[in-house]
Amino acid sequence: MAKWVLRVVVLGYLGVLLLLPIGLVLERTFAHGVGPVWDALSAPSAVHALRLTVVIALATVVLNTVFGVGAALLVTRSRFAGRRLFNALLDLPLAVSPVVVGLALILVYGKQSPIGHWLANRGIDVIFATPGMVLATVFVSLPLVVREVAPVLEEIGVEQEQAAWTLGATGAQTFWRVTLPAVRWAVAYGVVLTFARALGEYGAVAVVSGRIVDHTQTATLYVEQQFQGFEQASAYAMSAVLAALSVISLLIANLLRPEDERR
Amino acid sequence: MTTQVSAGRRARAGVRLPARTLGLGLATTYLSLVVLLPLAAVAAKGSAGGLSGLWDAVRAPESAAALRLTVGAAVVVTLVDAVMGTAVAWLLVRDRFPGKRLVDTLIDLPFALPTIVAGLVLLTLYGPGSPVGVDLAYRRAGVVAALLFVTLPFVVRTVQPVLMELDADVEDAAASLGASRWVTFRRVILPALQPAIVAGAALSFARALSEFGATVLISGNLPFKTEVASVFVYGRIESDDIGTAAAVSTVLLALALLVLVALGLVQRWTARRG
Amino acid sequence: MSIQVNHVFKRFGDFVALDDVSLDVPAGGLTALLGPSGGGKSTLLRVIAGLEQPDSGTVEVEGRDVTGLTPQQRSIGFVFQHYAAFKHMTVAKNVAFGLEIRKHPKAEVRRRVNELLELVHLEQFAERLPAQLSGGQRQRMALARALAVQPEVLLLDEPFGALDAQVRRELRTWLRRLHDEVHVTTVFVTHDQEEALEVADSIVIVNQGRVEQAGTPRELYDEPASEFVMSFLGPVTRFQGQQVRPHDLVLHPEVQGAAVGAVVKRVTRLGFEVRVDMEAEGEPLWVQITRAAAAELDLEPGDVVGVTVSTPAPVA
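These protein sequence lines are chains A, B and C, in that order.
Start counting the first sequence at 1; every next residue gets the next number (this note's numbering).
Start counting the second sequence at 264; every next residue gets the next number (this note's numbering).
Start counting the third sequence at 538; every next residue gets the next number (this note's numbering).
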C-alpha cells in the first residue's frame, strides 16, 4: 500500500514537473504541422542565431576540454602549494548566478575598464561581441570536464603511468598513449555535458551580448526575444530544437556512462 | 643536494618540471582571467562605497525585497527537493516499474534543457491560458515552480548512488530485530542517506539562489512581488545602475561561497566518519 | 649488471622509510628483498628504479651513477604487484609498448612480441584485453612487457602478492626457470620467507628501513645475524633463554647428562612431521621431529623427556 502511494506521489510529481511541460511544448510546436516550424527555423535571424550558438559552444568545448583535462591532471597528479584552494575554486562557477557572471565580465572586459580599453585600442571587442559570449559560456561550464575526469584519474591510480615511464615513455608519450586513453569516456562525457550547457546558456550571454539581432543573438536569446515579441510560433520552434538537442545530449551521455563505469 | 631534490620531483612526476610548472601557470591564468578576476571586480565594485555603501544598496527597498524573496524561495525549494528528491531516488533504486530507465534518464533533463526553454515550457503549462487550469504566472508560486524544475536532479543524483550501495541486508537485519518499516527507515536508512541529502540540498540551494533564465518569463518580474535577485541585478545592469547591481551581486556571491564552504565541510566530515 | 646502493636515506614526512641503506646486488643473480610490510623494501626497489628519489645517497648500475636519472633513462624493467596493465590495450599491444616507444620497425616488434608471449605461455591470448585474463596471466604479461625492452635490470615489487596460494607457487617455480633462461639481474620484493628461500640466489633482509643481513639463503638460515632474522626466516622456539629452531632440538627418552627435562603437553601429527608442545623449566617449548622419531619415543601427554640442542649453535 505504502509502495503504491509512493509510486503515485513520485511519478505524479515528475509528470507535473517534467513530462507534461515538455509534451506540451512539442504539441504547441507541431500543432500546425512541420511546415510552419521549418519556416520559422529557416528565417535568417533564426539561422544566424543557431549558427552563432554552435560556434560559441564549439569554442567553449575546445577551451574547457583542454583546461579541464589539464586541471584534472594537476589536481590528481601533482602536489603544489594552494592545490586545495585551486580545487575548491574549480567548483565556484556552478554556484554563481549567470547574471553575476555577465556583470563580472563587463566590469573587467568592458570598454570602461583598463583591460577592456586596452583591448579595444587594439581592435579587440570583448563585450557585446563573440569573445565576451565565449568567455561567459566558458565561465558557466568550466567545472564540467574537470569534475568528470578527476575522479577517474584518481581511481585508475598512477601505476599504469609509472609502468610506462619504466618502459621508456616520456611524459608526453605517457599522456597520449596511457593516461588519455584511460580517461577517454570521462572526457567524452564531460564534453557532452559542456556542449549541452553551452547551447543552453542564457543569463550570462544575455548580459554580455547586448542582444543585437543578427549579430550577437544566440538561440536562447532568440527564443526570449520572439516570445516577448508575441512571435510564439518561432519561439516554440526554436525551443523545440534546443530541447531536442538537450535530449540527444542526454541520450549520448547515458550511452557513455555505463561504458565509463564498466572499467 | 639541491640538484638531487629537483631531479627527484622530476622523476616522481614523470613529466619534466618546466612542463608541469608551465601547466600550472597556464591553468591558473585561465582560471584567473575567466573566473577569479571578474568575480573580484564585482566584489570590488560592490563594496566601492565601503561596507556602509554596500549595506545601503542592499537595504534599499527593492533590493531587500528581491533578496528576501530569493532566499525565501530557495529555502522552500530546498526543503521540497530534499523530501521529493529522496523519494524519487528511493523509487528509482528500490522499486521496479515499467519505464523506470526512461524516468531515470529524464531526471537529468533540467540540467540539459536550456533554462529559457524551461521557463517557456513552464509558462505554457502553468501560465495564462493553462491547459490544466493552473495559472502561476506572475506569482511567487510560479517562481518556486521554476526553481523546483531546475533543481530537481541535485538531491536525486547525490542520494541515488548512496542508496544503491546501502546494503538491503541492513534493512533485513533491522526487520529481523522487530523494527517496523517506518522505524527502519528513520533509524537505519535515513541516517546513512543524510550526508548525501545535505550535499544535494546545498547544491539545490546554491542553484535556487542564482537561477535566472527559468524564472525570468514566469515571474513577470514584478518588483516587491516576484522579482528575484538575479532578475533584479539584470534590470539594474540594463538601466546602467552598475553600483546597485554589483552590490546585490556581491551579496549573492557571498551566499554562494558560504554554501560551497559549508558543503566542503559537510563532505570532509562525512569522509572522516568513513 | 651489478647494482650498488650507497648510504641511501628516504623520508616521507615524519616517517623514515630508508635509514642509511647500502646494498650490493651481483650481476646476473636473482636477489630477494625480504622483510615485513612497511619495512622499506618496496621503497628501496622504487629508489633503484628511479620511481622514488632518495633524500641522500646514490644508486649505481655497473659502476655508473644513475641517482639523478629518471626511470626512462635507466634501462630497467619493473613489474608491479597489481600488474599495472594498460587496460585499453590488447596483451600484444601491452608487450609491444616499450618497443613502439623506441620506434623499432613493425616487423621486428611483431617478431619480438611473439617470442615473448611464447616465453610466458600467452601466445593464444595475444588479442585479448587484460580484463579477460586471470591474475597469474596478467602478471606474466606484465613480465613479458618488462622484458621486451631487454632491460639491464629487472625489478619486481611483490609480483605474486595479489595471487592465490596455488598460482603463487606455480609462478614462483616458473620465475626461477625463466631467470635461468634469461639471466638478467633480477631483484624482487617479497614478505614471504618461503618464496625468498625457494627462488632467490641471495636474500637481503630489510626491516625498519635498515638492512638486517644479506647473504645466500643457507647463510641466512643457518647463521642469522640477529634474532629478528632468525625468527623471520623460519619457525623458532625458546630453549634455556635462547632462540632455537624447533627441528634443531633432540628428544631423549630419559633425562640424562646435559639434557633438560620437559613435560609433554600435546602431540600433533602434521603429515611428515610431528609437533610436540612441551613445558621445560616453567616455559613453553615446542619441538619438530620426524614421524619415525615420534614412533620410537611413543609420546603421550604427561610423559617426561630429555631435551638437547643439536648443531648449529643457537644465536644469543
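In short, the hints are calculated from the structure, not lab data.
Glycine included, C-beta positions come from ideal geometry on N, C-alpha and C.
Each hint should be verified, as a subset may be incorrect.
SDA-like, lysine to any residue: derived pairs with alpha carbons at most 20 angstroms apart [said to hold, decoys possible]:
id : chain 1 : residue 1 : chain 2 : residue 2
1  : C       : Lys643    : A       : Gln173
2  : C       : Lys624    : A       : Lys111
3  : C       : Lys630    : A       : Trp176
4  : C       : Lys802    : C       : Arg828
5  : C       : Lys630    : A       : Lys111
6  : B       : Lys488    : B       : Arg322
7  : C       : Lys802    : C       : Thr753
8  : A       : Lys3      : B       : Leu355
9  : A       : Lys3      : B       : Ile452
10 : A       : Lys111    : B       : Arg357
11 : C       : Lys630    : A       : Leu180
12 : C       : Lys802    : C       : Pro790
Rough simulated footprint, nothing fancy, chain B against chain A, three-plus residues with beta-carbon under 8 angstroms [unchecked claim]:
id : region
13 : 17–28
14 : 80–89
15 : 101–115
16 : 124–135
17 : 138–148
Results for each hint:
Distance restraint check for lysine 643(C) and glutamine 173(A): the Cα-Cα separation of roughly 18 angstroms lies within the 20 angstroms cut-off, and the hinted pair is therefore satisfied. For the given pair, lysine 624(C) sits about 52 angstroms from lysine 111(A) by alpha-carbon distance, which is inconsistent with the 20 angstroms threshold. The suggested pairing of lysine 630(C) with tryptophan 176(A) holds, with an alpha-carbon distance near 15 angstroms, which does not exceed 20 angstroms. For the given pair, lysine 802(C) sits about 18 angstroms from arginine 828(C) by alpha-carbon distance, which is consistent with the 20 angstroms threshold.
With a C-alpha separation of about 56 angstroms, the suggested pair lysine 630(C) and lysine 111(A) falls outside the 20 angstroms cut-off, and the hint is violated. Proximity of lysine 488(B) to arginine 322(B) is assessed by CA-CA distance (about 16 angstroms); at most 20 angstroms being required, the pair is judged to hold. Restraint check: the Cα-Cα separation between lysine 802(C) and threonine 753(C) comes to about 37 angstroms, which exceeds 20 angstroms; the hinted pair is violated. A distance of roughly 12 angstroms separates the Cα atoms of lysine 3(A) and leucine 355(B); the hinted pair therefore holds under the 20 angstroms criterion.
The suggested pairing of lysine 3(A) with isoleucine 452(B) holds, with an alpha-carbon distance near 16 angstroms, which does not exceed 20 angstroms. For the given pair, lysine 111(A) sits about 56 angstroms from arginine 357(B) by alpha-carbon distance, which is inconsistent with the 20 angstroms threshold. The straight-line distance between the Cα atoms of lysine 630(C) and leucine 180(A) is roughly 16 angstroms, inside the 20 angstroms bound, and the hint therefore holds. A C-alpha spacing of about 15 angstroms is found between lysine 802(C) and proline 790(C), which places the hinted pair at or below 20 angstroms, so the restraint holds.
Restraint check on the region 17–28 of chain A versus chain B: 9 residues with Cβ-Cβ distances below 8 angstroms, three needed, restraint holds. For the region 80–89 of chain A, the stated coverage by chain B holds: 4 residues have a C-beta nearer than 8 angstroms to a C-beta of that chain, and at least 3 were required. Figure legend: the region 101–115 of chain A, annotated as covered by chain B; annotation consistent (10 residues with Cβ-Cβ distances under 8 angstroms, at least 3 required). Counting residues of the region 124–135 of chain A whose beta-carbon sits less than 8 angstroms from any beta-carbon of chain B gives 1, not enough to reach three: the coverage restraint is violated.
Counting residues of the region 138–148 of chain A whose beta carbon lies closer than 8 angstroms to any beta carbon of chain B gives 3, which reaches the threshold of three, so the coverage claim holds.
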